[in-house]
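Q: Starting from the given sequences, assemble the full structure and let the hints guide the process.
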Amino acid sequence: MAQWLFKTEPSEFSLEDLLAAPGRMTRWEGIRNYQARNYLRDAVRIGDPVFLYHSSCREPGIVGLMEVVRAGYPDPTCLDPESPYYDPRSTPERIRWYTVDVRLIARLSAPLPLRTLRQERALRGFQLLRRGNRLSIIPVTQTLWQHLMELTTLLPL
DNA sequence: GCCAACGTTGGC
DNA sequence: GCCAACGTTGGC
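Numbering (our numbering), first residue to last: 140 to 296.
Treat the hints as calculated values from the structure; they're not laboratory data. Bear in mind the structure is a predicted one, so any value in this text is a computation, not a measurement. C-beta atoms are modelled at their ideal positions from N, C-alpha and C, and glycine is treated no differently. Where hints are given, some of them may not hold.
[Said to hold, decoys possible] Derived CB-CB ranges, DEER-like:
#: 1; residue 1: ARG270; residue 2: GLU232; range: 20 to 28 Å
#: 2; residue 1: ARG260; residue 2: TYR212; range: 37 to 45 Å
#: 3; residue 1: LEU218; residue 2: GLY264; range: 37 to 45 Å
#: 4; residue 1: ARG163; residue 2: SER194; range: 14 to 22 Å
#: 5; residue 1: GLU221; residue 2: MET288; range: 34 to 42 Å
#: 6; residue 1: GLY264; residue 2: ARG197; range: 23 to 31 Å
#: 7; residue 1: ILE185; residue 2: ARG233; range: 23 to 31 Å
#: 8; residue 1: CYS196; residue 2: PRO161; range: 23 to 31 Å
#: 9; residue 1: THR230; residue 2: ALA261; range: 41 to 49 Å
#: 10; residue 1: SER195; residue 2: ARG228; range: 36 to 44 Å
#: 11; residue 1: PRO252; residue 2: PRO231; range: 17 to 25 Å
#: 12; residue 1: GLU151; residue 2: ARG209; range: 17 to 25 Å
#: 13; residue 1: THR280; residue 2: ARG228; range: 20 to 28 Å
#: 14; residue 1: LEU294; residue 2: ARG257; range: 36 to 44 Å
A: Written as structure tokens, this is what we have:
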């Protein structure tokens, strides 16, 4: 089992959107980066826990805990010309990008802001905190995961 | 809105 | 295969 952090821009898709979704589940679609694609395709497994992170917003930070309910499969939005994630280079036989399904497990009693994470010595080396980090599917080591859990209080749904 | 960092594209 | 140009991400 591995642990992950998925980024989303709340103006596109937020914790609140996930709370409102049927079964509090969603397809994590629209990932268009090869490294992230490879994680989704090869490494993210059913049952893996995932922190939900809000980026490009007033207060970037971790806001929720999800779990993977379906492992990697070709992202159908690649073939949908109406979708903002449409990929003209994909074909039904060869879809370039992958997705997984996730379900919200808990929200945090309070968001865990990026600026707090930066102050934690125990989180040094966390890929999320690296300068210029742009990866939206980030693996979290067990050690980092435990440290992060110690900084949070979960509110079960 | 700015801009640093990084990924992708495409000409050669 | 190199690398300049360009586009995107994302914190601030």
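Q: Would you mind marking each hint as holding or not holding in the structure?
A: Hints versus structure:
no. : hint                        : in the structure
1   : ARG270 x GLU232: 20 to 28 Å : violated (40 Å)
2   : ARG260 x TYR212: 37 to 45 Å : holds (39 Å)
3   : LEU218 x GLY264: 37 to 45 Å : holds (39 Å)
4   : ARG163 x SER194: 14 to 22 Å : holds (21 Å)
5   : GLU221 x MET288: 34 to 42 Å : holds (40 Å)
6   : GLY264 x ARG197: 23 to 31 Å : holds (27 Å)
7   : ILE185 x ARG233: 23 to 31 Å : holds (25 Å)
8   : CYS196 x PRO161: 23 to 31 Å : holds (25 Å)
9   : THR230 x ALA261: 41 to 49 Å : holds (46 Å)
10  : SER195 x ARG228: 36 to 44 Å : violated (26 Å)
11  : PRO252 x PRO231: 17 to 25 Å : violated (43 Å)
12  : GLU151 x ARG209: 17 to 25 Å : holds (21 Å)
13  : THR280 x ARG228: 20 to 28 Å : violated (34 Å)
14  : LEU294 x ARG257: 36 to 44 Å : violated (24 Å)
In summary, the structure is inconsistent with hints 1, 10, 11, 13 and 14 from the numbered list given earlier, while agreeing with the others.
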